[in-house]
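S.K.: Residues per chain are reported as follows:
There are 2 protein chains.
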Amino acid sequence: MADRGKFDRERFHMELIHDMYSFRMLLFSFEPGQELPVQSHEADSEVAILVLEGQGEFTGGDQGIPAREGSLLICKVSEPHGVRARTRMRVLVTIAPPI
Amino acid sequence: MADRGKFDRERFHMELIHDMYSFRMLLFSFEPGQELPVQSHEADSEVAILVLEGQGEFTGGDQGIPAREGSLLICKVSEPHGVRARTRMRVLVTIAPPI
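So the sequences go chain by chain: A and B. With the working numbering, letter number 56 in the first sequence gets 56, and the count goes up by one each step, no holes. In the working numbering, each number is its position in the second sequence, counted from 1, plus 99.
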């Protein structure tokens, strides 16, 4: 993952890393200020959001949760979750089972 | 994850990060030379092995695959897989569905 990902000033970049019946993995690359909007999905899956690089915050709760390299957030996909980048940021998202 | 994990000269250290019906996450911490022995399990799950820190190799194939920070190996749990550390190494393992 060290050299994966691509930054785009227009919009965050998303790359599918793995997609199987057991789980899906997505790599998000953000320029400063870009964000994955807060979202929730009616499904009985869980999502793990791991920061590989950069700083920002996990959004979706009453207030943001600081996120930096190594930060890991795990929640149900039915709970509001999102990411906002403060610096360039790369985030690995795992969804199991995939939705 | 940046400050999680614990190194033990006697044996690799394993910490349960998350355990639900959807997936299990384990953090392995290795001293140089320690290894997670090659293993395979009769189950229809997949495993993702992400190197958070350090260098070593993924074992289980005919020859080792170099592994360093950011390296990601995904395989079925029924395929032989293991990790050998060359430096201190921390590895995040995701198994979905958990077995």
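Keep in mind the hints are simulated off the structure, nothing from the lab. From a predicted model like this one, the values you see are computed outputs, not experimental measurements. Any given hint could be a false lead.
[Unchecked claim] To be clear about the criterion: a stretch of chain A counts as covered by chain B if any three or more of its residues have a C-beta under 8 Å from a C-beta of chain B, and this derived list gives those stretches:
1) 12-23
2) 27-37
3) 46-60
4) 67-74
[Stated by the list, open to error] Label pairs and their calculated CB-CB ranges:
5) B:Asp102 with A:Ile99: 30 to 38 Å
6) A:Glu69 with B:Leu115: 16 to 24 Å
7) A:Pro37 with B:Ala101: 25 to 33 Å
8) B:Ile198 with A:Asp19: 30 to 38 Å
All C-beta atoms in this analysis are idealised placements derived from N, C-alpha and C, irrespective of residue type, glycine included.
S.K.: Three residues or more, CB to CB closer than 8 Å: is that satisfied between the segment 27-37 of chain A and chain B?
M.R.: Violated - the segment 27-37 of chain A has 0 residues with a Cβ nearer than 8 Å to chain B, which falls short of three.
S.K.: I want to verify a distance hint. Is the separation of the beta carbons of Ile198 of chain B and Asp19 of chain A within 30 to 38 Å?
M.R.: Taking Cβ atoms as reference, Ile198 of chain B and Asp19 of chain A lie about 20 Å apart, which means the hint is violated.
S.K.: Please verify the coverage claim for the segment 12-23 of chain A: does it have three or more residues whose C-beta sits within 8 Å of some C-beta in chain B?
M.R.: holds (count 5)
S.K.: Indicate whether the distance between the beta carbons of Pro37 of chain A and Ala101 of chain B respects the range 25 to 33 Å.
M.R.: Holds, since Pro37 of chain A and Ala101 of chain B (Cβ atoms, about 26 Å apart) stay within the stated range.
S.K.: Check whether three or more residues of the segment 67-74 of chain A sit with their beta carbon closer than 8 Å to a beta carbon of chain B.
M.R.: It holds: at least three residues are needed, and the segment 67-74 of chain A offers 6 whose Cβ sits within less than 8 Å of chain B.
S.K.: Just to make sure I understand the rule, a stretch counts as covered if three or more of its residues have a C-beta closer than 8 Å to a C-beta of the chain. Does the segment 46-60 of chain A meet that for chain B?
M.R.: holds (count 4)
S.K.: Taking 16 to 24 Å as the stated bounds, is the beta-carbon spacing between Glu69 of chain A and Leu115 of chain B within them?
M.R.: holds (22 Å)
S.K.: At the C-beta level, are Asp102 of chain B and Ile99 of chain A separated by a distance inside 30 to 38 Å?
M.R.: Cβ of Asp102 of chain B to Cβ of Ile99 of chain A: about 31 Å, so the range 30 to 38 Å holds.
The structure fails hints 2 and 8 (numbered hints given earlier, in ascending order).
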